[in-house]
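Using the sequences provided together with the hints, build the complete structure.
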Amino acid sequence: MKELLEYLARALVDKPDEVRVEVIEGDKSLILQLHVDAEDVGKVIGKQGRIAKAIRTVVKASAVRDGKKAIVEIID
Amino acid sequence: MKNVIETEGETKEEAIEEALKELGVERDRANIEILEEPNKGLLGLRKSKARVRVTIVDHESMVVEVIEEMLKNFGVEAAIETRYEENYLWVTLSGESLSWMIGHHGQTLDAIQVLVGAIMGCKLKESARVIVDVEGYRERSQKEVRAMAERTVGKVLARGEAISLRPMNALERKLVHLVVAEYGGAKSSSIDTEPNRFVIISPA
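Chains as they are written, first to last, in the numbering used here: chain A, 1 to 76; chain B, 77 to 280.
These are computed hints drawn from the structure, not numbers from a lab.
Keep in mind that the hints are not guaranteed to be accurate.
Partner residues are not named here, just some residues of chain B that face chain A (Cβ under 10 Å, in silico) [unchecked claim]:
id: 1; residue: G100
id: 2; residue: R103
id: 3; residue: D104
id: 4; residue: E145
id: 5; residue: N149
id: 6; residue: G179
id: 7; residue: Q183
id: 8; residue: A187
id: 9; residue: I188
id: 10; residue: V190
id: 11; residue: C198
id: 12; residue: L200
id: 13; residue: D268
id: 14; residue: P271
The list that follows gives simulated cross-link-like pairs (lysine-lysine, BS3-like), each with its CA atoms no further than 27 Å apart [stated by the list, open to error]:
id: 15; chain 1: B; residue 1: K231; chain 2: B; residue 2: K219
id: 16; chain 1: A; residue 1: K47; chain 2: A; residue 2: K28
id: 17; chain 1: B; residue 1: K231; chain 2: A; residue 2: K69
id: 18; chain 1: A; residue 1: K15; chain 2: A; residue 2: K60
id: 19; chain 1: A; residue 1: K53; chain 2: B; residue 2: K199
id: 20; chain 1: B; residue 1: K263; chain 2: B; residue 2: K219
id: 21; chain 1: A; residue 1: K47; chain 2: B; residue 2: K250
id: 22; chain 1: B; residue 1: K148; chain 2: A; residue 2: K68
Computed from a prediction, not measured in an experiment: that's the story for all the values here.
Backbone N, C-alpha and C fix where the C-beta goes; we use that ideal spot for every residue, glycine too.
Put into structure tokens, the structure is as follows:
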């Protein structure tokens, strides 16, 4: 899941080198903290949170295959 | 096939039309540069034509690359097929156990499409009209939406009162508007904001 989120974020931002994902893994859940450059936060959130919502949906759907509930937090 | 062409015309529009015809593409797949503005001249002197350069934008290979990369990160293998339809690039994925990529009412698929569009937007600095489909899901759902729209227009006309449909994405709403316009006698409008935006059909 980490790689997927990193890929998506890096493809969307101006400063891909600043993208970092930290994972807190539990038995049934997975918290993914996405760090991007302060100037890129808008890019991963999008108008009315459209992009952030899409990222969450896709990561969640992908994690469900491993029987996990994924939560994506965006941090600048 | 040629990718780039320079043409002349009395007006810019004329030159662009000519170039698009030569290249055989729609305007939204082309990058247009104005090389020279037309000059009407004075009393027939210094008259010059408009000159433009039109280049085909190859969205297709870029979109396929983005999707291949995404599939790799999903850890799935799928066959990718592309085609142009009504100015949209359709990308259809097929393979084993891809149904999770569709999700409830196509939610996951819509999200994947939003991300592909956004990533392409970053690469191109302009929006790309891409539709991502898995195992013909969108094609089937379009048929259903069309049938639902037709049934509903029939009801609206019979009862003389407005009926609202379930929330739909932009593409589905567009299809409903199209069906209503074809049918005649009724009008349609979109209400509320995404993701709850829906169409209401009422007597004209």
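Checked hints:
1. G100: violated (31 Å)
2. R103: violated (25 Å)
3. D104: At 21 Å from the nearest chain A Cβ, B/D104 fails the 10 Å test, so the hint is violated.
4. E145: holds (6 Å)
5. N149: Holds. Min distance 4 Å.
6. G179: holds (6 Å)
7. Q183: Result: holds, 6 Å to nearest chain A Cβ.
8. A187: Interface hint status for B/A187: holds (4 Å vs cutoff 10 Å).
9. I188: This interface hint holds because 6 Å falls under the 10 Å limit.
10. V190: Because about 4 Å separates B/V190 from the closest Cβ in chain A, which is inside the 10 Å limit, the hint holds.
11. C198: With a closest approach of 6 Å, the B/C198 hint holds.
12. L200: violated (13 Å)
13. D268: violated (13 Å)
14. P271: Cβ of B/P271 sits 8 Å from chain A, so the hint holds.
15. B/K231 with B/K219: holds (19 Å)
16. A/K47 with A/K28: violated (31 Å)
17. B/K231 with A/K69: Distance ~43 Å between B/K231 and A/K69 Cα, so the pair is violated.
18. A/K15 with A/K60: Given pair A/K15, A/K60 holds - Cα atoms ~25 Å apart, limit 27 Å.
19. A/K53 with B/K199: holds (21 Å)
20. B/K263 with B/K219: holds (20 Å)
21. A/K47 with B/K250: Given pair A/K47, B/K250 holds - Cα atoms ~21 Å apart, limit 27 Å.
22. B/K148 with A/K68: At roughly 19 Å apart (the allowed maximum being 27 Å), A/K68 and B/K148 satisfy the hint.
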